[in-house]
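**Q** Letter by letter, the chains look like this.
Protein chains: 2
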Amino acid sequence: MIATGASPIIPDLPGFDLPGVLALKTLEDGRKIKQFIHDQNVKKAIIIGMGYIALEMCEALHDRDIGVEMVKPRPVLLPWMHEKLADMVKEEIASNGINMHLGHEVKEIEKTHKGLKVVCSDLVLEGQMVLVAIGVIPNSQLAEQAGLGLGPQKAIAVDRSLLTSDPHIYAAGDCADAFHVVTEQRTWIPLALRANRAGWAVADNVTGKNAELQGVAGTAVFKVLGLEVARTGLSVEEAEKFGFEPVEMMIQARTRAHRHPGASSIGVQMVADRKSGRLLGAQLVGREGVAHRVNAPAVALHARFTLEEFSQSDLAYAPPFGPTWDPMLTAANQLLKSL
Amino acid sequence: MIATGASPIIPDLPGFDLPGVLALKTLEDGRKIKQFIHDQNVKKAIIIGMGYIALEMCEALHDRDIGVEMVKPRPVLLPWMHEKLADMVKEEIASNGINMHLGHEVKEIEKTHKGLKVVCSDLVLEGQMVLVAIGVIPNSQLAEQAGLGLGPQKAIAVDRSLLTSDPHIYAAGDCADAFHVVTEQRTWIPLALRANRAGWAVADNVTGKNAELQGVAGTAVFKVLGLEVARTGLSVEEAEKFGFEPVEMMIQARTRAHRHPGASSIGVQMVADRKSGRLLGAQLVGREGVAHRVNAPAVALHARFTLEEFSQSDLAYAPPFGPTWDPMLTAANQLLKSL
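Chains S and Z supply the protein sequences, listed in that same order.
Position 279 of the first sequence, counting from 1, maps to 279 under this note's numbering, and the rest follow consecutively.
Position 136 of the second sequence, counting from 1, maps to 136 under this note's numbering, and the rest follow consecutively.
Keep in mind the hints are simulated off the structure, nothing from the lab.
Keep in mind that the hints are not guaranteed to be accurate.
Said to hold, decoys possible - Below are the DSS-like pairs computed for lysine-lysine, each with C-alpha atoms no more than 25 angstroms apart in a straight line: (1) K209(S) - K275(Z); (2) K275(S) - K209(Z); (3) K25(Z) - K241(Z).
Stated by the list, open to error - Derived coverage of chain Z by chain S (criterion: at least 3 residues anywhere in the stretch with Cβ under 8 angstroms from a Cβ of chain S; other residues may be distant): (4) 15 to 22; (5) 162 to 170; (6) 212 to 220; (7) 227 to 241.
Unchecked claim - Just a sample of chain Z residues kept apart from chain S, beta carbon distances all over 10 angstroms, derived: (8) K90; (9) E108; (10) K223.
C-beta: ideal position from N, C-alpha, C; glycine also.
Let the hints inform the model, and build the full structure from the sequences given.
**A** Next comes the structure, spelled out in structure tokens:
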């Protein structure tokens, strides 16, 4: 069984090997970062990248009163996300005094007398620590050298039993791929639940229990400052890539019943396929009730529900927890009109 | 179209017509209660009944510093609920200084010089206001007199198009029944979402849109003091009644990842059918993350998922919102072992 995980991408550019240029993947990495912050009395950090890990670390550092600047080459924050939802995230980060520098390609990192300097062609950021959080790659070198089949992003290709192309070798965890329940194609979405579940399934299979995993819906959630951000299924762009005819809807609703104290705004985007009527995905941003709300459409994706079927779900209602029509249903009802 | 709603059950016993004996159904009822509390400077109230409304009102009155005593004839709190989950609710109420008198049949209400007296055979409770919250009945008299077919609890029987037994008459709202997606039999679960949805569906049908409703899963949630309490689908008793062979599991898990600050305990009960392997229902109690968590199994009930299928759902994970295996999945995995 190959369970080699994934590794953070470290660009092959000058200065990325300097002390104080760190990445977060393992528990040991986390300890190193804490130690460095403590030893160097870090007051200012630069994060390269703006994905889940980058955003979670921006919050963690901000909570320790460390000034944070973020930089990335692409001009769009969370490119898979509906623009208005991404704007909610952007505003939350900006309103906490964190600078996001989008659209700046990092050329190198230099040592200065006070710390480190991240150099882009048109921007220089200075700090005492640089966190590199631009993504991960599967540790599939061993598998590749052994001649095993590879899937998307060179993750180790496995079937529903977690077998690789060699019937005597299993693979599980962030190094292995999975089937996507919406596209039914191979995908590589290295997240904790699937990694964990695949490990258990291999254990079942080697002990003769015959476990088969249906696949992933790409459900994910993260918290950044006061916001919860979640997604499941496909974005419009992904849906197009897999031959669907996606139609999307973005709504703003409330997290609790009309006039209930503590209610706040929740943004929901939903995507369905015009041809088949199938629900394809959903994205949510809000201050509460996002993390678990995404699981209703996630289960609907496993069920291959049409949008119409999902829109009929009997979801829980009580005033402290949502409007009579849950925002997921409001999004579905609105999207149905444009299908 | 008949949309006559439901009415609170008021027992035909002496004293239930006294001033200060109130029920809560309409907005007007709510205003009356508030006015009475204000006018009479109510410091002590007695609630007859311990269902959703009774428990929500116990919290509302408690928040206004009104002493509350609750009484009901049956000896079991929330009889549809797993005993250990019901105990969590009981403890929460007791720890807030609210007395629950279970197993006391109310004989009458009497006027005293200070207020009102609820008289049971072996107990007398005194207060200034009595709230009667022992349930509702459908307002189906008109339909019955017109000779329309009635369903469970004499709710007006409607088909999936919301048509009554007379093809020229629709019914919707708390007066009408629904199909249950698990049992596929008629049921009467008067809750806001279904009532609202049925109203819209009738509007669609009379304007030529041909709306059909799949039915309800019996998903419900309420908040009482610091607890969220939710259910979907069938209890063990209900499952037996409808010919299933129910197996249940009750687990305790955490609302957030291991050692994440703010985590608390969440109790989950899950029921599946031994013969078909189908997921039949779930119940949850906890301080956070209950209200929306119940929607994942609710959608799975609509999908007629087996427990095994539900257990493979790709639910969202991040440390602030749950363990890697969501408590719903842990419950499913544990229950699978006894199936």
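**Q** Take a quick look at K223(Z) and tell me if its Cβ sits farther than 10 angstroms from every Cβ on chain S, holds or violated.
**A** violated (5 angstroms)
**Q** Quick check: the region 162 to 170 of chain Z, covered by chain S? Criterion 3+ residues, Cβ under 8 angstroms.
**A** Violated, because only 0 residues of the region 162 to 170 of chain Z bring their Cβ atoms closer than 8 angstroms to Cβ atoms of chain S.
**Q** Would E108(Z) pass as off the interface with chain S, using Cβ distances and a cut of 10 angstroms?
**A** holds (33 angstroms)
**Q** Take a quick look at whether K275(S) and K209(Z) sit within 25 angstroms of each other, Cα to Cα.
**A** holds (20 angstroms)
**Q** So is the region 227 to 241 of chain Z in contact with chain S by the C-beta rule, three or more residues under 8 angstroms, or is the coverage claim wrong?
**A** holds (count 3)
**Q** Is K209(S) within 25 angstroms of K275(Z), Cα to Cα?
**A** Roughly 20 angstroms between the alpha carbons, so the hint for K209(S) and K275(Z) holds.
**Q** Would K90(Z) pass as off the interface with chain S, using Cβ distances and a cut of 10 angstroms?
**A** About 20 angstroms separates K90(Z) from the closest Cβ of chain S, which puts it past 10 angstroms; holds.
**Q** Would you mind confirming whether the straight-line C-alpha gap from K25(Z) to K241(Z) stays at or under 25 angstroms?
**A** violated (30 angstroms)
**Q** Are 3 or more residues of the region 212 to 220 of chain Z near chain S, judged by a Cβ distance of less than 8 angstroms?
**A** Three-residue rule met by the region 212 to 220 of chain Z, so holds; n is 8.
**Q** Are there at least three residues in the region 15 to 22 of chain Z whose beta carbon sits under 8 angstroms from a beta carbon of chain S?
**A** violated (count 0)
The structure fails hints 3, 4, 5, 10 (numbered hints given earlier, in ascending order).
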